[in-house]
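Single-letter residue listing:
Protein chains: 2
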Amino acid sequence: MPREHIFDEAEYERRVARTKERLRERDLDAIVVSDPANMNYLTGYDGWSFYVHQAVVVTPDRDEPIWIGRDMDGDGARATTHLAEESIRAYSDDHVQSPRDLHPMDYVAGVLEELDVADGRVGLEMDAAYFTAKSYTRLQGNLPDAEFEDATLLVGWLRIKKSDQELEYMRQAARISENAMQAGLDAAGEGVPEYEVASAIYQQLIDGTDEYGGDYPAIVPLMPSGDHTGTPHLTWTDRRYEDGDPVIIELSGCRHRYHSPLARTTFVGEPPTELQETADIVVEGLEAALDAAEPGVKCSAVEEAWRTTIEQYGLEKEDRIGYSMGLGYPPDWGEHTASIRPGDDTVLEENMTFHMIPGIWTDDIGMEISETFRVTSTGAETLAEFPRELFTA
Amino acid sequence: MPREHIFDEAEYERRVARTKERLRERDLDAIVVSDPANMNYLTGYDGWSFYVHQAVVVTPDRDEPIWIGRDMDGDGARATTHLAEESIRAYSDDHVQSPRDLHPMDYVAGVLEELDVADGRVGLEMDAAYFTAKSYTRLQGNLPDAEFEDATLLVGWLRIKKSDQELEYMRQAARISENAMQAGLDAAGEGVPEYEVASAIYQQLIDGTDEYGGDYPAIVPLMPSGDHTGTPHLTWTDRRYEDGDPVIIELSGCRHRYHSPLARTTFVGEPPTELQETADIVVEGLEAALDAAEPGVKCSAVEEAWRTTIEQYGLEKEDRIGYSMGLGYPPDWGEHTASIRPGDDTVLEENMTFHMIPGIWTDDIGMEISETFRVTSTGAETLAEFPRELFTA
Numbered sequence: 001m002p003r004e005h006i007f008d009e010a011e012y013e014r015r016v017a018r019t020k021e022r023l024r025e026r027d028l029d030a031i032v033v034s035d036p037a038n039m040n041y042l043t044g045y046d047g048w049s050f051y052v053h054q055a056v057v058v059t060p061d062r063d064e065p066i067w068i069g070r071d072m073d074g075d076g077a078r079a080t081t082h083l084a085e086e087s088i089r090a091y092s093d094d095h096v097q098s099p100r101d102l103h104p105m106d107y108v109a110g111v112l113e114e115l116d117v118a119d120g121r122v123g124l125e126m127d128a129a130y131f132t133a134k135s136y137t138r139l140q141g142n143l144p145d146a147e148f149e150d151a152t153l154l155v156g157w158l159r160i161k162k163s164d165q166e167l168e169y170m171r172q173a174a175r176i177s178e179n180a181m182q183a184g185l186d187a188a189g190e191g192v193p194e195y196e197v198a199s200a201i202y203q204q205l206i207d208g209t210d211e212y213g214g215d216y217p218a219i220v221p222l223m224p225s226g227d228h229t230g231t232p233h234l235t236w237t238d239r240r241y242e243d244g245d246p247v248i249i250e251l252s253g254c255r256h257r258y259h260s261p262l263a264r265t266t267f268v269g270e271p272p273t274e275l276q277e278t279a280d281i282v283v284e285g286l287e288a289a290l291d292a293a294e295p296g297v298k299c300s301a302v303e304e305a306w307r308t309t310i311e312q313y314g315l316e317k318e319d320r321i322g323y324s325m326g327l328g329y330p331p332d333w334g335e336h337t338a339s340i341r342p343g344d345d346t347v348l349e350e351n352m353t354f355h356m357i358p359g360i361w362t363d364d365i366g367m368e369i370s371e372t373f374r375v376t377s378t379g380a381e382t383l384a385e386f387p388r389e390l391f392t393a
Numbered sequence: 001m002p003r004e005h006i007f008d009e010a011e012y013e014r015r016v017a018r019t020k021e022r023l024r025e026r027d028l029d030a031i032v033v034s035d036p037a038n039m040n041y042l043t044g045y046d047g048w049s050f051y052v053h054q055a056v057v058v059t060p061d062r063d064e065p066i067w068i069g070r071d072m073d074g075d076g077a078r079a080t081t082h083l084a085e086e087s088i089r090a091y092s093d094d095h096v097q098s099p100r101d102l103h104p105m106d107y108v109a110g111v112l113e114e115l116d117v118a119d120g121r122v123g124l125e126m127d128a129a130y131f132t133a134k135s136y137t138r139l140q141g142n143l144p145d146a147e148f149e150d151a152t153l154l155v156g157w158l159r160i161k162k163s164d165q166e167l168e169y170m171r172q173a174a175r176i177s178e179n180a181m182q183a184g185l186d187a188a189g190e191g192v193p194e195y196e197v198a199s200a201i202y203q204q205l206i207d208g209t210d211e212y213g214g215d216y217p218a219i220v221p222l223m224p225s226g227d228h229t230g231t232p233h234l235t236w237t238d239r240r241y242e243d244g245d246p247v248i249i250e251l252s253g254c255r256h257r258y259h260s261p262l263a264r265t266t267f268v269g270e271p272p273t274e275l276q277e278t279a280d281i282v283v284e285g286l287e288a289a290l291d292a293a294e295p296g297v298k299c300s301a302v303e304e305a306w307r308t309t310i311e312q313y314g315l316e317k318e319d320r321i322g323y324s325m326g327l328g329y330p331p332d333w334g335e336h337t338a339s340i341r342p343g344d345d346t347v348l349e350e351n352m353t354f355h356m357i358p359g360i361w362t363d364d365i366g367m368e369i370s371e372t373f374r375v376t377s378t379g380a381e382t383l384a385e386f387p388r389e390l391f392t393a
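From first to last, the protein sequence lines are chains A and B. Per UniProt numbering, the first sequence starts with residue 1, numbered consecutively. Per UniProt numbering, the second sequence starts with residue 1, numbered consecutively.
Note that these hints are calculated values from the structure, not bench results.
Copies of one chain are not kept apart here, so a pair can be met inside one copy or by any two copies together.
Here are the simulated DMTMM-like cross-link-like pairs (lysine to aspartate or glutamate), alpha carbons at most 20 angstroms apart as the crow flies:
| no. | residue 1 | residue 2 |
| --- | --- | --- |
| 1 | 317 | 94 |
| 2 | 161 | 350 |
| 3 | 298 | 94 |
| 4 | 317 | 71 |
| 5 | 317 | 284 |
| 6 | 298 | 381 |
| 7 | 317 | 93 |
For reference, chain A alone in the conformation it holds in the complex:
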């Protein structure tokens, strides 16, 4: 029995139709989609099953995509997708981490043969997490006459502009982000162990709002603190916060796999003047970049607005300051397409969504204040409403 569907069938049909258009433009006879976010985008499939190999195959001619996964996950596909029974194919459990010479991609190759594309041009997501080197060599071995093409971002670029329903879920995720950030800031303080703050955040991330719950985010709350605010991807430990600790919290609410990330920085005790000044500069730069974002502007120009603002104060940041995002599974909520950085010529269009996170990391200290924004018809709209300032704990 299917679960309540997250999108109506027509939305999936539009997504699949656009994928087929791209296949025709690139003269591809099929694409094997391995990224769980792309699998979800094309079929609605949702389950924590991406630790085994799975795929969605789209061809220009077949009406529906075909979902391929492990036998015990076939019912998950029946529960979460609109796909007809003949479009759900499950391989037997002896393919999983097999001590024998048997691999799930052998089964995928069989489906490609059945689809009559074994000697065709087949797109693969060559650089997607979970599409392993072995997956590739097994497909090559099974289908020696196929011509494989790198189509890593073919579906990703379709995802960059969001539909009204997608934006609704991202706005719902933003409400959860606000609640979880407030819970984290409220919990932080001198003598409190980092994990207690993480626990308060997590409870709120999943408890969501009064109206709806939250899904698990594709990235856990990132909480570098003290000496380690310069290392943005640390999580939490048993350490207790001390007077004088800066604490970064980067998190995202998640609703039906859609995210709206948010980062803020707090300080245990009285913040030093320099940190307060840095915060003011980050906010000024962030707002300059948000002001620069509108349809027709390149991603690189948005970064330039940030950089020229902070350079007035002698600050520099060499990394990218943002990326397109929305739907996602671990390890990432980013879409891996457009980045807000020098050299990225992507032109902004209405309903693209980005997480702009212009962290400043000096030798001593790190500071992050971020916003998720949607490109509107005339500018940019942030999804969360949360004060942009340095907090104290």
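Based on these hints, arrange chain B on the given structure of chain A.
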């Protein structure tokens, strides 16, 4: 400034020494380790940075491994590993999801050249999540004279027997699993939304115990319920539990990335006789399998003890019923080496650890009661102490 270390330096030295032995046995000049759990095992590196490409390289001759990652994660390596400065190498941010023809594996290839193994035999974790097809083709392109060998499980097989300190962390994780399971069972009930139960579980997973906090588990709580208990990898929704719903909870506490998974099943209302009988059979089969586990016995014999027990009652289960596990990052806490299933000839040795999860999924209903166990000198010891029965909510 380094964080407090999780293991003393000697433990990492032993792990690296054993890795070097295996390299020599297999006549490999280097291994490029991509699995985040293996990277952690060899160096202690811990951070949510595996959404970009990274690696640890070990050669038979170089004293330390070399950690390779993104520039902004270099300080994370300094904070969490014992590695010397010259063993930490960071690639510039323009390698990340680059619109130009630039890939992190180009940088890794440079390190391999520097290590003088560009024309050597290099082991790769061909089927590890995050070692993508593109990672492989970029290494091939950069190092045309290298001979690449599949070494996916080389480090994994070293991990299968746990040290005393590893077992201590798994026991700590088991305490967290017990607390989180109790929180979940207490929260479940008629009219309660699934996400509220997930929230209660998550809060406890991270809050841990009175003595220490919990880390994020490599797999989120899995909570199929109602019509969907046959689909083991579904998570939670806004649906409210109804009278007559079976509810499976599979979760794991995590301590310093070490897990101790636990699954139980509860029932909203008065369970039907058939379900109660099935629970009794599952427990009997689970206990028969635990009784069969001891040093010298094959994994396949443990599965046989389960299967012959449940077959007396006319039940069958075709999937594997357990797997070696411990240290892990999303998407999996399993080690992908030994499985408890027919045909797996792995011989049990003391201090191997497994999650035995012999789920029964019939057309109508699913039931899971699992245990994590350690092989002792004479038998098997379960890490968690939690009643083995069908609960009611």
